[in-house]
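*Asks:* Sequence:
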Amino acid sequence: MKKFLSVMLVAAMSVSALTACGSSEEPAENAETAETTEGGETDFTGAELTVCTWGGSTGAATKELAADFEARYGCTVVFDEVNANADRIAKIQSQVESGNVETDVVYLSGAYAKQGEALELFEKIDTNVVKNIDNLYDFAKNDTGYGPMVTVGRYGIMYNEDVLKEKGLEPPTSYLDLFDDKYAGLVALPAMSGTAGPYILSKIAEDLGGSLDDRQAALDLYAEKKDNIGMWYTSDLVPALTNKEVAVTVYMDFMIPALNASGLNMKWVDAEEGNFADDVFINVVKDAPNKELAQLFIDFALEKETQEKFTQLNNESPTNKLAEVSPEQDELICYGQEEFDNCTFFDYNHLNELKPTLIEEWQKIVA
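Mapping to the numbering used here: the sequence shown position 364 is 364, numbers consecutive.
There may be inaccurate statements among the hints.
Across the chosen pairs, the derived CB separations fall in these ranges [to be verified]:
#1 H350 - D236: 26 to 32 Å
#2 A90 - L208: 31 to 37 Å
#3 V366 - D214: 32 to 38 Å
Only pairs whose alpha carbons sit at most 20 Å apart, straight line, appear in this in silico SDA-like list of lysine to any residue [claimed, not checked]:
#4 K165 - N265
#5 K355 - A367
#6 K167 - M266
#7 K267 - D330
#8 K321 - Y348
#9 K267 - Q329
#10 K131 - A258
#11 K244 - I256
#12 K124 - E97
#13 K91 - S193
#14 K355 - K124
#15 K364 - K244
#16 K141 - F346
#17 K304 - E41
#18 K355 - A118
#19 K286 - G99
#20 K244 - A223
#21 K63 - N83
#22 K167 - K267
#23 K141 - L322
#24 K309 - R72
#25 K364 - Y348
#26 K355 - S235
#27 K309 - A258
#28 K244 - G263
#29 K304 - V129
#30 K267 - K364
#31 K286 - N128
#32 K244 - S193
#33 K267 - G168
#34 K167 - E245
#35 K244 - L219
#36 K226 - L212
#37 K321 - D143
#38 K355 - E170
Simulated from the structure, these hints should not be mistaken for lab results.
All residues carry an ideal CB built from backbone N, CA and C; glycine is no exception.
Full structure from sequences and hints, please.
*Replies:* What follows is the structure in structure tokens.
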């Protein structure tokens with residue numbers, strides 16, 4: 001899941017790029033213009049592939065890997081860094097609906113990827129090109145025919161060990177603990193509009209005998225204990241942790257190394273209720289200027305070697321079951337079927353239906 005810098009960079013496609021790249025639906029044009037490299041790959045010299053993803057560490061890691069893709073196919077990969085999932089999908093929707101599509105590939109967190117599928121913003125995956133889908137864990141394959149899960153991480157509890165020790169507090173062991181009076185003012189939780197907001201509400205509801213569809217007891221607890229929560233975050237959590245304004249939160253596991261590199265002493269808790277999958281999907285944008293090259297980029301992103309390198313660079317877990325990680329990384333990330341089984345993978349279609357109501361209910365409570 002994963003991403004806190006927003007930089008807009010959109011590349012204009014030249015006539016030569018469109019001719020050189022083309023799509024798999026234009027075999028005659030490709031036959032006339034495509035060449036092959038010494039390695040036998042199709043040569044897309046002059047083509048510019050535009051990839052829309054996060055900024056920050058995720059964008060930097062993806063850029064570094066893209067250099068290998070450029071060398072293989074002779075193309076240029078241009079990055080459009082848009083931090084928020086909501087902004088990214090809105091941009092893609094605007095392009096598709098206007099008939100002026102400039103983006104070829106887009107990365108989105110699970111709920112937003114499913115929203116994009118419902119809006120028909122993506123092309124179906126060509127499995128004749130994207131052959132690495134066969135090597136994915138079953139949960140990462142997308143039975144709708146759209147783009148698969150390319151990485152997966154965890155949302156879960158983390159805490160600043162130094163701060164809790166100073167205050168003589170033991171770390172929380174469950175999501176319900178986060179509302180305990182002893183942690184008053186120390187806890188940061190995601191706003192309901194954020195990716196993980198509904199996740200936590202669902203676990204609290206289950207702890208109290210309900211579910212996300214039967215959540216009144218959980219909402220009552222939110223209302224009763226709202227003043228205990230030091231902040232409801234959207235994109236401002238990192239500075240709050242760094243400045244020790246808060247010390248306990250629910251956040252993405254891959255951020256722990258970066259936080260600790262800044263001088264913090266963050267520790268992970270495997271909550272009693274389990275963790276939440278922080279999954280990322282990769283898709284070809286509908287009517288993309290470079291459909292064939294976009295499909296090849298997705299296949300590249302799913303390769304064993306690419307996934308291993310991305311994990312090394314950004315601490316997000318591979319979805320290719322052939323990919324291996326170092327023992328040191330295994331300590332940090334969610335890796336392997338057993339650990340994935342301890343993660344909740346949500347029905348995003350149902351979650352997307354509920355989310356406007358959840359946000360409205362939450363706003364009434366915390367306002």
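*Asks:* Among the hints numbered above, which are violated by the structure, and what are their numbers in rising order?
*Replies:* Violated hints (numbers, rising): 3, 8, 10, 14, 15, 20, 25, 30, 32, 35 and 38; every other hint is consistent with the structure.
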